[in-house]
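Protein sequence lines, in the order shown, are assigned to chains A and B. Residues in the first sequence are numbered consecutively from 0, following numbering that gives the first Met the number 0. Residues in the second sequence are numbered consecutively from 0, following numbering that gives the first Met the number 0.
Please note that a few of the clues may not be correct.
Said to hold, decoys possible - Within a straight-line C-alpha distance of at most 20 Å, the following computed DMTMM-like cross-link-like pairs (lysine to aspartate or glutamate) qualify:
(1) A:K240 / A:D83
(2) A:K300 / B:E250
(3) A:K116 / A:D201
(4) B:K321 / A:E204
(5) A:K240 / A:D152
(6) A:K189 / A:D201
(7) A:K116 / B:D266
(8) A:K116 / A:E204
(9) A:K240 / A:E168
(10) B:K216 / B:E206
(11) A:K240 / A:D148
(12) A:K300 / B:D266
None of these hints come from the bench; they were simulated from the model.
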Amino acid sequence: MDRFIKNYQTEFRLIIVLLCMCSFLTIYTDTFFTLNNFTNLLNNNAVNLIWAFGLLVVLIAGGIDISFAVAASVVQYIAFYVFDYFGGGNWALGFFVSFILGSMLGFINAYLIHYFKIISIVVTISTFNAFFGLLMFFTSGRYIYNLPDWWVDRIIIAERKMANGSWAELTFPVAVMFVVMFATYILINKTSTGRQLYAFGDNPEGARRSGINIALMQFIAFGWMGAMAGIAGLMQVNIVKEVVPMALYGRELEVLAAVVLGGARLGGGRGSVLGCFLGVFIVAITQNGLNLMGVTPYAFKMVIGFIILIAISTSNINFNFKILKSKEI
Amino acid sequence: MGNLFQSIRNKFGNEVLGLIVILFLVVVLFSSTNSQFLTAANFNSMSFQLPVLGLLTLAMLAPLLSAGLNLAIIYQANLCGLTLAWVLNMDGGVDASITTFIIGVGASILVGAITGLIMGVVISYIGAHPILVSLAMMIFLRGLGVFLTNGGDISGFPEFMAPIGHGFILGIPIPLIIFFLVAFVWNIVLNSTRHGFSIYMLGSNIEATDFAGVHTKRTLTLIYVFSGVICAIAGILMLTRFNSVRVGHGEALLLVTVLACFLGGVDPFGGFGRVVPVVISLIILQMIASGLNLFGASQHLSTAVWGLSLIAVMMARFIILKYKVFSSDKGG
């Protein structure tokens, strides 16, 4: 336990904050601490979490990406036409196509960042606008409803009848989220590629001199992000049962803030899957709690923004209230 | 003609020369393909649209020079506009007096400065990353604005404010005069004052600047305060231009401000960049925007064009720097 606290300080702090929030909400509202609420939280945040695990890898490798939510929309549209071409498709084809398409879009970012030495925030701001503008232009903002059945059928992986007669259910996207979480954990913690990603993020020049293929690192990080964006797009369609070009626009900043809240650092070399999960959940539970407490929805974003601002401002302060010297300014 | 080139090059450096050539090409391209381009009406509308974008770009410039970024500018401007609208509405909206207006302008500049100050303090004294701080500030300010207005817009302002957004002095639109005034002052601050010099030094190498005895933390904080003040001016101008305030007005301009700065030769790693080339690149971008508009291009297509041109500018920048297409100096 001592070792956990020492090595995972951010995660430990997040767990404490999360426990405080949960106990407060449990006492204050009678609907928070129910199985229904927890399964709903998981179901509603599966897409955000899948993105978050992709973004975590990019942040560890020292980059930043804000184009992924729009990339997910692009994948949804292209995937729809690909499935149409193959006469309907199925889940296997669905995962394959979104994984490939998503990573292609990620590779565009990686290519521009690596070969033209453009900083990642500038590249992804540009691709964000290019993707979104082109998507809206070519689709004219048209919605798609006549999707293949397999894509929109609600698959329930676990369910339980509650005392009041309602059902607590976990849906397919949650299962996919856990698989993605596990895969990301394996990638960054259990493979040498993962160690290289951390090293590259922490000190790119040092990593280059010690023989790490830095082009490969960029392509793996942004490719993984893109693939996750594609899969999240696929799952989003399964949840909402329609393809809408503006549906995901603007969600990237919330995810980015949540991942950073979870201890990943801009500038690279830090971050863990657990922290990422906790970060997304703190944002989700805040929103859920405000909702259950009957706060006006107009105030949600303000409170979340305020919490993120506080979290970022205090993340560089150590437990014994010494200000850490930050690497990047 | 050769002498003219030489003198421009000597006075402003290579970028300005290159940008003037691009400007010239853009004018030729659009005027030869569209007869409406070279008309007084078009230039009139351009000169009214440019200042808001221009002021926001100037607000983006200083953080970029210090190797940071201020993603919150649009919402800072919105919130400053809201402050002014709120003060005016306290005094009866349409019937508000000039004194109220002046108080409102003061209040909104104060709000801009305070939001900038918070970001600056967090960035410089705590050492958090500027992208994250301004991102969190952006989410917070947008939320605050939506909370205060319930997502609607506020309108109904006194008559005497209209000229600020729509009037002329000596045939020059007043917004344009305000913009050039701010740009001029900003140019002097950056080029001829101690503070401006510190900004450039800090952007190049913050450690060395700190050891050289410059109070880097104060300088860094002030950058964001100034950025906030310029946002406030932009917000007031937006209010008088649209005659209403709504959170989200001008959202799409964020990318264009970054684009204008990089097109104007600002180094994304900080330390290099000047006001004059940035102003010229603003004029180029405004011409492209108006030109596309005259062709009847959809708004989304222009979004894509902005994104793609930012990539193109950065690629061109890389190629020019790597292969030294233009001679020696880096144009700092």
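Hint check:
1. A:K240 / A:D83: holds (16 Å)
2. A:K300 / B:E250: holds (17 Å)
3. A:K116 / A:D201: OK: K116 of chain A and D201 of chain A at ~17 Å, within 20 Å.
4. B:K321 / A:E204: holds (19 Å)
5. A:K240 / A:D152: holds (8 Å)
6. A:K189 / A:D201: Roughly 18 Å between the alpha carbons, so the hint for K189 of chain A and D201 of chain A holds.
7. A:K116 / B:D266: holds (12 Å)
8. A:K116 / A:E204: Roughly 13 Å separates the two Cα atoms, so the pair holds.
9. A:K240 / A:E168: Roughly 18 Å between the alpha carbons, so the hint for K240 of chain A and E168 of chain A holds.
10. B:K216 / B:E206: Cα-Cα ~11 Å, so holds.
11. A:K240 / A:D148: Roughly 10 Å separates the two Cα atoms, so the pair holds.
12. A:K300 / B:D266: violated (33 Å)
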